[in-house]
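2 protein chains.
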Amino acid sequence: MSGPSRVIRSAAGGGCWRGVAPAQYKEPDQSHRGMTRHLLLAPTLGDDGLCIDVRYFEVAPGGYSSLERHHHAHAVIVLRGRGWVILDEQASELGAGDCVYVAPDTIHQFRAAPDEGLGFLCIVDSERDPAVAAGDEELARLRANPGIAQLLDSLAG
Amino acid sequence: MSGPSRVIRSAAGGGCWRGVAPAQYKEPDQSHRGMTRHLLLAPTLGDDGLCIDVRYFEVAPGGYSSLERHHHAHAVIVLRGRGWVILDEQASELGAGDCVYVAPDTIHQFRAAPDEGLGFLCIVDSERDPAVAAGDEELARLRANPGIAQLLDSLAG
Numbered sequence: 001m002s003g004p005s006r007v008i009r010s011a012a013g014g015g016c017w018r019g020v021a022p023a024q025y026k027e028p029d030q031s032h033r034g035m036t037r038h039l040l041l042a043p044t045l046g047d048d049g050l051c052i053d054v055r056y057f058e059v060a061p062g063g064y065s066s067l068e069r070h071h072h073a074h075a076v077i078v079l080r081g082r083g084w085v086i087l088d089e090q091a092s093e094l095g096a097g098d099c100v101y102v103a104p105d106t107i108h109q110f111r112a113a114p115d116e117g118l119g120f121l122c123i124v125d126s127e128r129d130p131a132v133a134a135g136d137e138e139l140a141r142l143r144a145n146p147g148i149a150q151l152l153d154s155l156a157g
Numbered sequence: 001m002s003g004p005s006r007v008i009r010s011a012a013g014g015g016c017w018r019g020v021a022p023a024q025y026k027e028p029d030q031s032h033r034g035m036t037r038h039l040l041l042a043p044t045l046g047d048d049g050l051c052i053d054v055r056y057f058e059v060a061p062g063g064y065s066s067l068e069r070h071h072h073a074h075a076v077i078v079l080r081g082r083g084w085v086i087l088d089e090q091a092s093e094l095g096a097g098d099c100v101y102v103a104p105d106t107i108h109q110f111r112a113a114p115d116e117g118l119g120f121l122c123i124v125d126s127e128r129d130p131a132v133a134a135g136d137e138e139l140a141r142l143r144a145n146p147g148i149a150q151l152l153d154s155l156a157g
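Protein chains in written order, with our numbering: chain A, 1 to 157; chain B, 1 to 157.
Each hint should be verified, as a subset may be incorrect.
What the hints assert, rightly or not - Covered by chain A, per the in silico footprint, the following chain B stretches (three or more residues, Cβ under 8 Å):
#1 45-56
#2 59-73
#3 79-89
#4 103-116
#5 121-133
In case anyone wonders, no lab produced these hints; they're calculated from the structure.
Keep in mind the model is a prediction, meaning the values are calculated, not measured.
All C-beta atoms, glycine included, are put in the ideal place defined by N, C-alpha and C.
All chains, full assembly: derive it from the sequences and hints.
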């Protein structure tokens, strides 16, 4: 028996939804900053027949997600704000409406601009493997791109 | 071997993307009006590791999708505009940021306001059953709700 169809109302001009409490992104540690997570749609919420979780992440100005990789893919759509995504050795600016496909086993990180937050939907398989933090060798490889080194340093303080 | 990670850039202020051609929603018939479809992310585009297609639909003012049902579920996020969703005997207004879970076998239709379009992401299983149009009995059941009858009549002209 499926849960009923439902509408989840956007509230307060965007970035939050009625009945959806913002949750912790992960256990607090040095790998991430300024992240909140909203679980919008998921089988665990009764949304049967979906094979995915639809989450919304809000990154505060200057914040960033963990630099990590995993076997599952990400489908990302930016809803608001401005920032960057690191995809292995490449960094790309992001703004509202941009989509990102994060292929399996790609090291990736989402970062907000210093003076503006970044809000994005991130869609993943409901059943998925855990993320693994980028190791020292991988980090050295990414830092060989001066643009990425600058990003990692300029906003990490 | 997976396709590479990639960024799909929003263009022209939203509702279109670089390198993504708007496509026909379905074969033309009387069941729908003013719909265009953009396929943003999908395994058929090389986005391996995803089990879903991420599509964007734009409904022109006064337009509507087919009134139909299927076994697969929909995860919908409104990106812009204003309209309604019919979910069996219930109609709900929609605006930017609202999410909709369409449960399996729910008769549903997305409709734009008469004076404003409606643009939404619709995420579905990449492998899914075909849609079935609402039958006469189902339509009579929905029309028992005066709000739905009014919606179906006022915008169908």
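*Of the numbered hints stated previously, which ones are contradicted by the structure, given in increasing order?*
Structure breaks no hint.
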